[in-house]
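Student: Keeping the supplied structure of chain A fixed, place chain B upon it in accordance with the hints.
Residue numbers (the numbering used here), protein chains in the order written: chain A, 1 to 244; chain B, 1 to 344.
Hints in this document: simulated from the structure, not taken from any laboratory. In this text, a Cβ means the ideal position worked out from N, Cα and C, and glycines have one as well. There may be inaccurate statements among the hints.
[Stated by the list, open to error] Partial chain A-side listing against chain B, Cβ under 10 Å, derived:
no., residue
1, L18
2, S52
3, I54
4, Q75
5, S77
6, E78
7, D88
8, M89
9, A90
10, V91
11, D94
12, R99
13, L103
14, G104
15, L111
16, R158
One letter stands for each residue in the lines below.
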Amino acid sequence: MNAPLLETRGVTKRYGNLEALRGVDFHISANEIVALLGDNGAGKSTLVKLLSGINPPTSGELYARGEKVTINTRQESEDIGIETIYQDMAVVDDMEIWRNMFLGRELRNALGFLKEAEMKSMTMNELSSGVDISGIDSADQLVGSLSGGQKQAVAIARAVHFRKSILLLDEPTSALSVRETNKLLDYISNLRGRGTSAVFVTHNIYHAYEICDRFVVMSHGTKVHDITKAETSVDDLTQMVINS
Amino acid sequence: MADTNGNAQAVAPSRITTRGGLRGLLDKLLATSAGNIIVAFVLIQLACIIAGLIWSEQFRYLSPSNISIMLKAIPTLGIIALGVGFLMIAGEFDLSVGSIYAFTAVVCSMLIAAGLSAWLAAPLMIVVGAAISMSNGLIAMRFLLPSFIVSLGAMLFWKGMIFFVHGAQAIRFSGSESFKEAFAGSLGPIQMPFVWFFVLTVLFHFTLRHHRFGNHVFAVGGNAPAATANGVRPMQVKLICFALAGACAALSGIISAARVGSVTPAQGGGLELQAIAAAVIGGVALTGGRGSMIGVFLGSALIYTIQDVLLLMRAPGFYLDIFVGALIVFAAIANQLVGRGAGK
Numbered sequence: 001m002n003a004p005l006l007e008t009r010g011v012t013k014r015y016g017n018l019e020a021l022r023g024v025d026f027h028i029s030a031n032e033i034v035a036l037l038g039d040n041g042a043g044k045s046t047l048v049k050l051l052s053g054i055n056p057p058t059s060g061e062l063y064a065r066g067e068k069v070t071i072n073t074r075q076e077s078e079d080i081g082i083e084t085i086y087q088d089m090a091v092v093d094d095m096e097i098w099r100n101m102f103l104g105r106e107l108r109n110a111l112g113f114l115k116e117a118e119m120k121s122m123t124m125n126e127l128s129s130g131v132d133i134s135g136i137d138s139a140d141q142l143v144g145s146l147s148g149g150q151k152q153a154v155a156i157a158r159a160v161h162f163r164k165s166i167l168l169l170d171e172p173t174s175a176l177s178v179r180e181t182n183k184l185l186d187y188i189s190n191l192r193g194r195g196t197s198a199v200f201v202t203h204n205i206y207h208a209y210e211i212c213d214r215f216v217v218m219s220h221g222t223k224v225h226d227i228t229k230a231e232t233s234v235d236d237l238t239q240m241v242i243n244s
Numbered sequence: 001m002a003d004t005n006g007n008a009q010a011v012a013p014s015r016i017t018t019r020g021g022l023r024g025l026l027d028k029l030l031a032t033s034a035g036n037i038i039v040a041f042v043l044i045q046l047a048c049i050i051a052g053l054i055w056s057e058q059f060r061y062l063s064p065s066n067i068s069i070m071l072k073a074i075p076t077l078g079i080i081a082l083g084v085g086f087l088m089i090a091g092e093f094d095l096s097v098g099s100i101y102a103f104t105a106v107v108c109s110m111l112i113a114a115g116l117s118a119w120l121a122a123p124l125m126i127v128v129g130a131a132i133s134m135s136n137g138l139i140a141m142r143f144l145l146p147s148f149i150v151s152l153g154a155m156l157f158w159k160g161m162i163f164f165v166h167g168a169q170a171i172r173f174s175g176s177e178s179f180k181e182a183f184a185g186s187l188g189p190i191q192m193p194f195v196w197f198f199v200l201t202v203l204f205h206f207t208l209r210h211h212r213f214g215n216h217v218f219a220v221g222g223n224a225p226a227a228t229a230n231g232v233r234p235m236q237v238k239l240i241c242f243a244l245a246g247a248c249a250a251l252s253g254i255i256s257a258a259r260v261g262s263v264t265p266a267q268g269g270g271l272e273l274q275a276i277a278a279a280v281i282g283g284v285a286l287t288g289g290r291g292s293m294i295g296v297f298l299g300s301a302l303i304y305t306i307q308d309v310l311l312l313m314r315a316p317g318f319y320l321d322i323f324v325g326a327l328i329v330f331a332a333i334a335n336q337l338v339g340r341g342a343g344k
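Bound-form chain A, shown alone (with noise of 0.2 Å):
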């Protein structure tokens, strides 16, 4: 058997007083979508930034392809393959989209001058294939002063047009219209056939199980079910996230 593309063994994430982790065991393998659900406060968004590497976590091990690995910080996550998409969108109202688009790992020149133009259009062909969000007409708007939907797709472009081997989605319909929603589980359902698994974080049961192939139910900080497709139904998974 293959070795997991990421995995978690006993990973503990703790802030003071409170665990928001306890003893997570998680993985995820090649071409495949893996649904994150649970309450609020369950630890969801949590084991989300500490495989971003944004919050590593307080203990515990993590392994890439069966290598022992340390996500500590954005580098190292990146250097995994993993793109995410975050709950809170993680943008700059102040900025431009384009700005926002290529942050971090901004196209440039040899001595580090942007290639605006070229970011510029790449940021408009992205947002008007993929998702396709309506009303953004120009790379040059702010951020501040899109929609939250609008603010959503910008996120979702950014992720999808830096796509490697694994996508964290941190509940990233929640602001979308039914046509968008519709899109991006679309999208998220055909990475399969593009090498890319996704970890897909959501409140709502039927979109997870309309597009994942695997389930794990969170709860207080720990993984309380890990159940497949052929093994479980949307009246199950719904019991279980209410019962847990």
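Tutor: Just chain B, lined up with the frame of chain A:
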């Protein structure tokens, strides 16, 4: 750009209406972070020039000597304000720049008096200025303190250090002729301090708007957690900005020492607040993440224009405080309105 959007544009008609002609140009201008200050600056200059033409005997705004005095006076504050403004965009303050300005100029003069070449002493003291400001940043970030408080302490500390290392008497700045020529001479009709100020403005502007580092500065000042989530390191970015602020303060101190020919240990007091004022008048947000170097340039120039106009009208000195004080509040209100327009 509407046409690069391709077919998505078909379902999304543009909801941004743009006005044509002069009003459209004004709209565009006011939407930029330096827009307010550009409009205000141009209007005030026009008023001064018209007044200078009509009452050319009483109000000698356009006389060569007045223009020359202005161009000499602006860079001292202006160069400091560039560094302070840059740092403010990254979301931090350094109140010790006035003390750095005096300390580095005094020690530079001492080193030259002890026999070191000005060409070595000046760069050395610019590095020292950068290091002082960086240490403020390091302490603030290491102990999670507001840089405002840490640098307030540093302001007093380094002011005291001037008297500790040198005493209270003025010191002669006796740099070589070539050094004085380069920092206090003139290039054609323009004095070198102003040339330095202008060159630094252009350099900082391009760094901020068109270089990767500037992109990170705006991100760190605008939303540090988001910057971190995208792989930018706020601490590293801010420390470089602190270094720039300190280096600018030292450069300004050395330039004015070279221009005047001597340094008084007490000079530089109040410059830190004037620099913040120039930055705010120029459209830099006190909360970080917004601002421009063109704005800071004009903000510094505007403070001196007001000072100059009051001098020409023989108004008592306290009028300057009244005008600049009111201007700071107006500028802050204008910045706030622009910020809200961007959806904040």
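Student: It remains to establish, for every hint, whether it holds in the given structure.
Tutor: Evaluated hints:
Hint on L18 of chain A is violated. Least Cβ distance to chain B is approximately 19 Å, over the 10 Å limit. Given the 10 Å rule on beta carbons, the hint for S52 of chain A holds: about 7 Å separates it from the nearest Cβ of chain B. Annotation: I54 of chain A was flagged as interfacial toward chain B, and the flag holds, the nearest CB pair being 5 Å apart, inside 10 Å. Annotation: interface hint on Q75 of chain A holds; nearest CB of chain B at approximately 6 Å, less than 10 Å.
For S77 of chain A, the shortest C-beta to C-beta distance to chain B is roughly 9 Å, which falls under 10 Å, so the interface hint holds. At its closest, the beta carbon of E78 of chain A sits 6 Å from a beta carbon of chain B; the interface hint therefore holds under the 10 Å criterion. The restraint placing D88 of chain A at the interface with chain B holds, with a minimum CB-CB distance near 8 Å, inside the 10 Å limit. At its closest, the beta carbon of M89 of chain A sits 8 Å from a beta carbon of chain B; the interface hint therefore holds under the 10 Å criterion.
Hint status for A90 of chain A relative to chain B: holds, with the closest Cβ pair at about 4 Å, below 10 Å. Look at V91 of chain A: its Cβ gets to within about 6 Å of chain B, closer than 10 Å, so that hint holds up. Annotation: D94 of chain A was flagged as interfacial toward chain B, and the flag holds, the nearest CB pair being 4 Å apart, inside 10 Å. Interface restraint check: R99 of chain A against chain B, minimum CB-CB distance 6 Å, threshold 10 Å, status holds.
Among the interface hints, the one on L103 of chain A holds; its C-beta lies about 4 Å from the nearest C-beta in chain B, closer than the 10 Å criterion. With a least beta-carbon distance of about 4 Å to chain B, the hint placing G104 of chain A at the interface is held under the 10 Å criterion. With 10 Å as the threshold, the beta carbon of L111 of chain A comes within range of chain B, its nearest partner Cβ sitting at about 8 Å, so the hint holds. Interface restraint check: R158 of chain A against chain B, minimum CB-CB distance 8 Å, threshold 10 Å, status holds.
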